[in-house]
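Using the sequences plus the hints, can you model the full thing?
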Amino acid sequence: MHVHRFERLWFGASLVLIVAFIGTIIYGAVGPGIAMVDDSGGTVEPSVIADGNYEQTDNFREPGVYDTEDGVDVYVVARQYLFQPGTSEPIRVPAGEEISFHVTSPDVTHGFNLAGTNVNTMVIPGQVAEFSVTFEETGEHGIVCHEYCGSGHHTMEGKVVVVEQSEFEGGEN
Amino acid sequence: MATEHGSETGFETEQEYVETEDGTRRRLAFVDRFPEAARTARICLWIAFAAFGVGALFGLIQALHRTNTLRIIPSADYYTILTGHGVLLALVFTTFGIAGLFHWANTRSLGVSPTNRRLTQGWLWTMTIGTLLAAGTIVAGLFDAIPASADVLYTFYAPLEAHPLFYIGAALLIVGSWGAGFDWFLQYRKWRSQNPDARIPLQSFMVMTTMLMWYLSSAGVAIEVVFFLIPWSLGLISQVDPLLTRTLFWYFGHPVVYFWLLPAYVVWYTVLPKLSGGRLFSDPLARVTFVLFLLLSTPVGFHHQYTDPGIASGYKLVAMTNTMFLLLPSLLTLFTVVASMEHGARQGGARGYLAWLKDLPWERPEFSGVALAGIMFAAGGFSGMINAGMNINYLIHNTIWVPGHFHLTVGTAYALTLMAIAYWLVPQLTGKRLQFRGLAAIQPFVWFVGMVLMSNAMHRGGLAGIPRRTAEPQYDQVTFDAVVGTVGEMRLQIAIGGTLLFLGAMMFLAVMAGTWALGKPNSRLRVNGSIPEPLSGPEESPRVLDNLKLWTAIAIALVLLAYGIPLFDMVADGLLSPGSLPVPA
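Same order as they appear, the protein sequences are chains A and B.
Residue numbers in the first sequence follow the UniProt record's numbering, run continuously in steps of one, and reach 173 at the last position.
Residue numbers in the second sequence follow the UniProt record's numbering, run continuously in steps of one, and reach 585 at the last position.
It cannot be assumed that every hint is accurate.
Just a few of them, taken from the derived set where beta-carbon distance is under 8 Å, the chain A residues facing chain B [as the list claims (entries may be wrong)]: (1) 14; (2) 46; (3) 151.
Since the hints were derived computationally from the structure, they do not count as laboratory data.
Where a beta carbon is used, it is the ideal one built from N, C-alpha and C, also for glycine.
What follows is the structure in structure tokens.
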């Protein structure tokens with residue numbers, strides 16, 4: 001089969017581009033250590049979260065910020081149309097320390113995005129989204145629900161406040 | 001096989017006029033040779049254009065509402081309008097437009113009429129009834145008096161629940177499209193019985209590979225809707241697993257974008273070279289491209305779920321790798337399209353490295369629209385590469401960047417190609433000369449400018465973290481910091497761009513309505529449907545390229561590799577659990 005010389009060159013260059021793109025992903029994973037949200041958070045029955053029976057699960061706790069020996073854990077329930085905590089009171093976390101977020105939903109699918117950053121996950125009923133973030137600087141980040149969740153979707157928002165470690169008071173562990 | 005068998009490749013030069021015995025010339029356009037097939041294609045296109053008109057109006061309402069420019073609906077109704085916009089444009093305008101285009105392309109290239117009239121009527125009615133049910137249920141959401149609604153957007157993620165008629169309508173639309181594909185395969189079988197040794201004509205090859213990909217991928221959403229969402233919305237089962245159903249949706253949700261795109265590719269490969277004044281560069285490479293799409297379009301759906309919990313990273317990595325290799329057929333297409341246009345321009349005497357570009361027939365809307373659609377698709381391809389990158393995707397997932405991206409792809413590569421080719425095809429399907437040609441000549445440029453304004457602002461808004469799918473431009477606790485420009489300037493561009501796009505849509509519909517109402521049947525058309533043979537024809541390529549059974553088998557194997565274990569994982573803890581009760585939207 002005759003393939004024009006230019007076409008062969010283009011074909012080769014395209015393959016190089018593709019392999020280079022895949023290379024950037026691999027580099028991101030092993031270099032800066034960018035981890036995917038995955039199945040590590042486990043599953044939970046949505047009705048258990050809806051009824052507030054957190055003690056019935058071993059992979060989710062009463063919503064709040066916990067300062068444990070292993071680091072800071074944040075448990076967030078995203079529900080129509082608020083983040084708990086996050087909406088009526090901000091999520092306060094320390095700078096320079098690894099924070100583990102655990103987010104789930106008792107009702108419909110939501111999103112959890114710190115606007116303008118790569119802290120971004122889907123919140124799916126039945127699944128606990130687990131991911132780690134280290135905030136290098138103090139300051140505030142707005143939380144946006146970025147998945148349509150009903151007629152009040154555009155009102156679903158919240159705030160993360162990053163404070164100095166000395167000002168941080170976690171909940172009981 | 002030598003080129004004298006060109007008539008079997010579908011690229012024969014058709015006689016558009018024949019001398020009759022009394023010395024007059026009789027026209028032999030597509031509508032004259034295949035009146036029944038032309039009628040079917042016309043009906044499909046009219047329904048597509050009607051859906052396009054309503055969908056475009058909804059788009060205008062959204063663009064003005066969420067930029068806070070003009071508000072005629074309460075914000076809660078925004079999502080009803082958004083659902084209608086998505087379903088009417090991404091599912092109805094596309095599926096009917098594709099059916100019309102493929103019905104023409106398959107019949108033209110095989111030179112054989114559809115074989116079974118009742119089958120044709122059956123799929124046409126099934127798709128139409130499905131559309132009316134789904135669209136009717138969505139619009140009912142605007143009226144409190146009607147106890148039905150479907151404010152679930154076109155992704156209809158459970159446990160947000162629509163009225164059962166919405167799911168039934170969507171299922172009928174897809175089942176009807178399966179019937180259309182069956183119609184085209186029967187046509188091919190009839191042709192094959194008359195041409196036992198010939199290579200499959202290129203357009204028919206493209207139609208069939210696209211439909212095989214469509215069967216393989218739409219099975220996912222069919223299972224989601226028929227086995228889970230319909231019984232659940234009727235109360236026959238109490239709960240469904242939200243992760244499993246959305247995974248089935250995205251199993252279909254990425255290949256569906258190639259179902260939109262490949263008809264544009266059919267036009268770019270087979271008609272655009274001729275409109276540029278030349279011929280296709282390479283028939284074999286066109287076949288390779290379509291085979292690659294059949295193989296790789298489906299095992300990639302997890303790239304829409306990079307940020308989903310409950311799915312192991314390894315599965316996402318496999319989907320990412322497949323997605324990147326899916327760039328290959330599109331990059332090959334970029335080469336062929338540009339090379340074919342350049343060849344066409346040089347046939348007309350154009351010179352220079354880039355000067356040939358200005359010698360192309362930009363004043364003819366069928367050319368300018370298709371060419372501008374191709375240029376925009378290149379830009380959409382680049383933003384798609386960002387989406388495909390697992391890491392960087394975290395920055396833009398579910399931001400307004402994403403609709404910025406797909407308005408370049410389905411919203412321009414597909415939509416503008418279909419509009420432009422309608423200027424060329426509708427006269428051949430109706431026997432009526434195109435009316436309002438001056439309006440048609442500027443319409444593609446209006447669309448192009450509108451999309452440049454709207455899409456660049458949406459992409460930049462996404463980088464600032466502005467979410468998609470929201471009725472409100474402002475949040476109390478969140479500030480969006482623009483990386484380039486200001487948020488106010490982006491809003492202005494979206495409002496102006498959306499208005500221009502609506503204007504472009506109305507200009508197109510005016511030309512179509514004018515042609516339909518004012519054009520005289522049996523007029524001289526000023527276009528002809530002949531398509532010249534490619535520079536290098538299929539006879540030089542291996543015959544295995546035409547072995548559709550082999551490619552289908554490999555495609556199924558790749559899907560089983562990419563989806564087998566993840567789906568097993570999801571159903572291993574119970575088919576319906578962890579489960580959610582319905583939440584009416």
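Taking the hints in turn, this is what the structure says about them:
1. 14: Holds - the Cβ of residue 14/A comes within 8 Å of chain B, reaching about 4 Å at its closest.
2. 46: holds, 5 Å
3. 151: Since the shortest Cβ distance to chain B is 4 Å, the answer is holds.
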